[in-house]
Structure formats: structure tokens, C-alpha cells
Amino acid sequence: MSTEAVLLVAAALFGIGVYGVLSQQSFVMLMMGLELLINGALLALVVLWARAAGGNPQGQMLGIVFMTVMAVEMTLGFALITGVYRVRRADITEKLRRLKG
Amino acid sequence: MIEGTLVDAAFWLFAIGSVVAGFRVFRTDSMVRAAFYLLASFAGVGGILVLLGAEFLGMVLILMMAGEMLVMAIVMVMFMMNPAGLNPMTMVHQNRTAAAAGLAAFVVLAAVGLLGPFPDHPVPEPAAATEELGIELLGDSMLVFQTAGVALLSTMIGAIVIAGRKGRYGIADDGSEEPPLQPDEEPVR
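Protein chains in written order, with my numbering: chain A, 1 to 101; chain B, 1 to 189.
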């Protein structure tokens, strides 16, 4: 389990996430792409924490901040989906022509 | 020696499983299945975190994502068309550009990971990472920890406000239209 191999996996997850965020029409699928992006970033962070930073506890602290960001993003994403669906009956990005209202 | 081989085998199992599941998220017709593929991907990453010595982060990641993906599956069933994937469908736009961008991101990040000079400073054995994290959480980084907690609380309140039935200009189900500027004008659309 070399550092490079783990970073490669993190890069693959991030690349898949970029594809998902840019290509998906459904809001929830788009959020799945965002989750994969943060997932890859978290993996890269932890491998560098374990292999290059000597296990400094502040590195893990940053990991917890990453997870908080994940939770915040999901919560607000679901709230926005609910709000948009109530007003526009929209479940894909193509149905939203304007953001006002 | 045996232990190293076992760790390597477990790592590659988690790594390949995680990447394949992550890819399958965007290749399955069923959205509920997509949520569970994403959960599998997160479980793989959580396993790798445990192998790397960050046991607490890895387990918390798996626990958090298990709950989150169930919520995601419920949201799919509530709002999205065709959540069970009974009809084959792809709902993508600018597919080629997105695939190229994803590939480019992978190549660049992989190049950084493979070629970049990283200091070789591993966790000293035996690592007590969880204990250190606990002391850090309630010691030097307590302000960060508290800020994260307050941020989560305000997110919950904000999410309730956004998703609530009452829209900005009235009941959201009725359209929540902006009122006209003058009393006798048509509403602004």
C-alpha cells in the first residue's frame, strides 16, 4: 500500500466525481458527484496525514472538517431540492430556466 | 511479512471496489441502486482510512454515509422520476465534455500524486491516532470543533427554513409568487 497507489485511487474518485457533477441532470445524482469529489479529497488528505505528516492530530482534525462540509452540503442540497420541487415541480437541472422566486 | 501482504490485498480490494462502485453510480438505471453504489464506494474509502491508521475517521465516514445514503434513497423515491430504474435511461447533458473533464482531472491529479515530491514521514508505530485526536478535539482544536458543531446546527435550521412549506411570498405549494409592484399590476414573472 504505497502512498502513490492511494493517491491514484483518490485521483480516480475525484475524476469520476468531476464527470458526475458536470454530466448529471438529476439534482440528487449531481450531489452524488459532489460527494465523490469530497471523498477523493478526504482520501488524499488522510494518506498524506499518515505518510507525510507523521500522524499530526491536526491532520485528522482537518478530516473532520471535511466531513462537516459533506454533511452541510448534503443537508442544504436536500433542502434546496425540496424547495425547488415545491415551487417548480422540477427534479432535473434542465427544468430550471431561472433561479428567481 | 504476512501482515503486509494481507494489508496490501485488503487495500487493493477496497480501492478497486471503491472506484468501480463510484463509477457504477453514474452507470445504473436505478437511482436507489446508485445511492447504494455510492455507499459501497464510501465504505471502501472508509476501509482504506482504517488501514492507513485513521480508524476513527474511517468508521465515522462509514457510519455517516450509511445514514446519509438511506436519506438519499428516500429523497430519490419521493421526488425523482423512475427511481426504481424500471425503464432504462440516461439523464446526462454534455456527456463528452464531462467525460473529458473528468479524465483530465484524473490524469492531472494522478500525475501530481505519482510525480510530486512528498516528505516521507510516516505515523510512528505503535500509533495511538484516535487518542491523539480526542485530546486534540478537546484541546488545541476545540474552537474548530465547536465551530463545526455550530455550523451544523445553523445548517439544520437553514435547511428547515428553505424546505419549509411557507415560501418567500406565501405558501410554496401555491407558487409563492412575488407580489406586483403596484396594486393593480400583473405579478412579476
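Simulated from the structure, these hints should not be mistaken for lab results.
On a predicted model such as this, the values are computed, not experimentally measured, just so you know.
Ideal Cβ placement from N, Cα and C applies to all residues, glycine included.
Hints may contain errors.
To be clear about the criterion: a stretch of chain B counts as covered by chain A if any three or more of its residues have a C-beta under 8 Å from a C-beta of chain A, and this derived list gives those stretches [claimed, not checked]:
1) 17–28
2) 31–40
3) 144–153
Here is how each hint holds up against the structure:
Evaluation of the coverage hint for the segment 17–28 of chain B: fulfilled, as 6 residues show C-beta separations to chain A shorter than 8 Å, against a requirement of three. Under the rule that three or more residues need a Cβ within less than 8 Å of chain A, the assignment of the segment 31–40 of chain B holds, with 4 such residues. Only when three residues or more bring their CB closer than 8 Å to a CB of chain A does the claim for the segment 144–153 of chain B stand; here the count is 5, and the claim holds.
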